[in-house]
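> Here are the chains, one letter per residue:
Number of protein chains: 2
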Amino acid sequence: MAVYTEVSAEDLACFVADYDLGELLSFKGIAEGVENSNYLLQAEKGSYILTLYEKRVAAEDLPFFLGLMEHLAGRGISCPVPLHAGDGKALRQLCGRPAALISFLEGLSPRRAQTFHCSALGAALARMHLAGADFPLQRRNALSVDGWRPLLEACAGRADTVSPGLAEALESELKHLEANWPDKLPAGVIHADLFPDNVFFRREQLTGIIDFYFACNDFFAYDLAVCLNAWCFEQDNAFNVTKARMLLQSYSRERAFSEAELEALPLLARGSALRFLLTRLYDWLHHPEGAFVQPKDPLEYWKKLKFHQEVRGPGAYGLDL
Amino acid sequence: MAVYTEVSAEDLACFVADYDLGELLSFKGIAEGVENSNYLLQAEKGSYILTLYEKRVAAEDLPFFLGLMEHLAGRGISCPVPLHAGDGKALRQLCGRPAALISFLEGLSPRRAQTFHCSALGAALARMHLAGADFPLQRRNALSVDGWRPLLEACAGRADTVSPGLAEALESELKHLEANWPDKLPAGVIHADLFPDNVFFRREQLTGIIDFYFACNDFFAYDLAVCLNAWCFEQDNAFNVTKARMLLQSYSRERAFSEAELEALPLLARGSALRFLLTRLYDWLHHPEGAFVQPKDPLEYWKKLKFHQEVRGPGAYGLDL
Chain A
1 MAVYTEVSAE
11 DLACFVADYD
21 LGELLSFKGI
31 AEGVENSNYL
41 LQAEKGSYIL
51 TLYEKRVAAE
61 DLPFFLGLME
71 HLAGRGISCP
81 VPLHAGDGKA
91 LRQLCGRPAA
101 LISFLEGLSP
111 RRAQTFHCSA
121 LGAALARMHL
131 AGADFPLQRR
141 NALSVDGWRP
151 LLEACAGRAD
161 TVSPGLAEAL
171 ESELKHLEAN
181 WPDKLPAGVI
191 HADLFPDNVF
201 FRREQLTGII
211 DFYFACNDFF
221 AYDLAVCLNA
231 WCFEQDNAFN
241 VTKARMLLQS
251 YSRERAFSEA
261 ELEALPLLAR
271 GSALRFLLTR
281 LYDWLHHPEG
291 AFVQPKDPLE
301 YWKKLKFHQE
311 VRGPGAYGLD
321 L
Chain B
1 MAVYTEVSAE
11 DLACFVADYD
21 LGELLSFKGI
31 AEGVENSNYL
41 LQAEKGSYIL
51 TLYEKRVAAE
61 DLPFFLGLME
71 HLAGRGISCP
81 VPLHAGDGKA
91 LRQLCGRPAA
101 LISFLEGLSP
111 RRAQTFHCSA
121 LGAALARMHL
131 AGADFPLQRR
141 NALSVDGWRP
151 LLEACAGRAD
161 TVSPGLAEAL
171 ESELKHLEAN
181 WPDKLPAGVI
191 HADLFPDNVF
201 FRREQLTGII
211 DFYFACNDFF
221 AYDLAVCLNA
231 WCFEQDNAFN
241 VTKARMLLQS
251 YSRERAFSEA
261 ELEALPLLAR
271 GSALRFLLTR
281 LYDWLHHPEG
291 AFVQPKDPLE
301 YWKKLKFHQE
311 VRGPGAYGLD
321 L
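These protein sequence lines are chains A and B, in that order. To convert, note that position 223 of the first sequence is 223 in the numbering used here; the numbers rise steadily by one, no gaps. To convert, note that position 96 of the second sequence is 96 in the numbering used here; the numbers rise steadily by one, no gaps.
None of these hints come from the bench; they were simulated from the model. A few of these clues could be false.
No copy labels: a pair is met if it fits in one copy or bridges any two.
As the list claims (entries may be wrong) - Straight-line Cα separation of at most 20 angstroms, SDA-like style, residue types lysine to any residue; simulated pairs:
| no. | residue 1 | residue 2 |
| --- | --- | --- |
| 1 | LYS303 | HIS84 |
| 2 | LYS45 | LEU105 |
| 3 | LYS45 | PHE104 |
| 4 | LYS45 | ARG203 |
| 5 | LYS296 | SER8 |
| 6 | LYS296 | THR5 |
Let the hints inform the model, and build the full structure from the sequences given.
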């Protein structure tokens, strides 16, 4: 939500001269994405996003992220496309940082998801999973089950300051997930962070999916589990089964679930809730005193996790088995 | 440099429905302005800036700021213009804050001012001073000489932690300025914060002046003194007399200086340097530990102030008397 690297007009004019954009008319640092610096550029030929990759993004992952966007866009998925400079390269350098110029997508992210949003999301997610099938690069999910214990260990000593008993409850949940996490489900490239912030709509139509910087290879159903958590709870953390049904039904019309995927969904939803709980808890406990960016409430995900712990089967998500 | 109030797509769509923009296509929080929350909107009819006024801006000053922009734009000055909603109002409410929708200006702010920038700036500043002559509202300059002592008092106890001897030097400088500050010079509406950030160019042409939220009634020559400090020193804080000459000469071709204004220029330049030194020093000493926004170096203005202390007359700024 900030601009970490300040780019001058002079540096930028020099950078974009290698692209075919026409004259640069304006640029503004934008408050988008937690990890990188982003600028919205307006040039004679249109609008673009300039992203400078900051230290939290591993430079060796950038070919995966940029290549994936290009691959998906080439298969009809509406997502940002990296532009190639005159030298043919999409990944370049600006102000000492890896940088890429990316197409701009119109659309608005909903603050409060409606059922029609969930329905459109399900179909788009399934199409994205199918479109990624022949993407040749691989990236493991660093924030899946084997990444959670180090996070918990970094938080456990102070977790109870956030909510009494939290450390023990998280330890017990993590043990359960480690013991029961599936090792074989349909898998491929997933988005892994598909929150409403990262999906654009124009009225009822989904116009784009952005922010592929957590994308990785993992179970397709895990992406659905992330969406169940991010799209199907109300503001008061009550689960909205209608939204879940819309999401899953419209997904399944594009890509049918296997029985094993359906059976795994409650566990994957617990895992996804724990993943966001742990990263939020980490940020909550480690953010600098007085920092401007207010960390997100980890306990929102604790409530979601408790909901999934009570779920006895995928029927709770609105599916007729 | 941040978005303080987060506006949802739903709230925004509702807000802009009262304007004649066509459909809203996208909006991004932008890192512009220290005091307010700003969004760049793209709609069917063009691009706009939405500003939500945060607590540091006094609500009673908003009619002055918005009215001034409209007044100046009506007299051919290229500056943002507040749009009027269907109810005729330019100043409205959004998310519990005063808010205005303002036209978007193309152009880029130079990081390193060149002589041609200074020349264009001088002419635009003089035209702005003339265009403001019949603006009916008044606002006193809260950051002129009588506003500096409270700032110094809030900093004096710790000023020496920034640079040994600074507190005493500032006290002595402020006494000199209080004793010698002019009380009668040509005056009118001034911008009072005309840093390169606030001036847009397209190639060599000045395309706009923005950010009128320090505008007030004060000496015209004080605005020039601000520009001398903000535009005519090099990165190493060496004064560039050629840039100063371009600035002042092109100003004087649009609005001739009085002799008293010329004589006062070195003192006004000291005052303007002290004003930015004090506000930066205040922010330096009072910013929260670990805050994301790094305060600007107050000592840059200490070096500029020392330059002006040695000046014996306006000839040092490149003027032939």
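> Determine for every hint whether it applies to the structure shown.
Here is how each hint holds up against the structure:
no.: 1; hint: LYS303 with HIS84; in the structure: neither (45 angstroms within a copy, 45 angstroms between copies)
no.: 2; hint: LYS45 with LEU105; in the structure: both (14 angstroms within a copy, 17 angstroms between copies)
no.: 3; hint: LYS45 with PHE104; in the structure: both (12 angstroms within a copy, 18 angstroms between copies)
no.: 4; hint: LYS45 with ARG203; in the structure: between (25 angstroms within a copy, 17 angstroms between copies)
no.: 5; hint: LYS296 with SER8; in the structure: between (31 angstroms within a copy, 17 angstroms between copies)
no.: 6; hint: LYS296 with THR5; in the structure: between (23 angstroms within a copy, 15 angstroms between copies)
In summary, the one numbered hint that this structure violates is 1.
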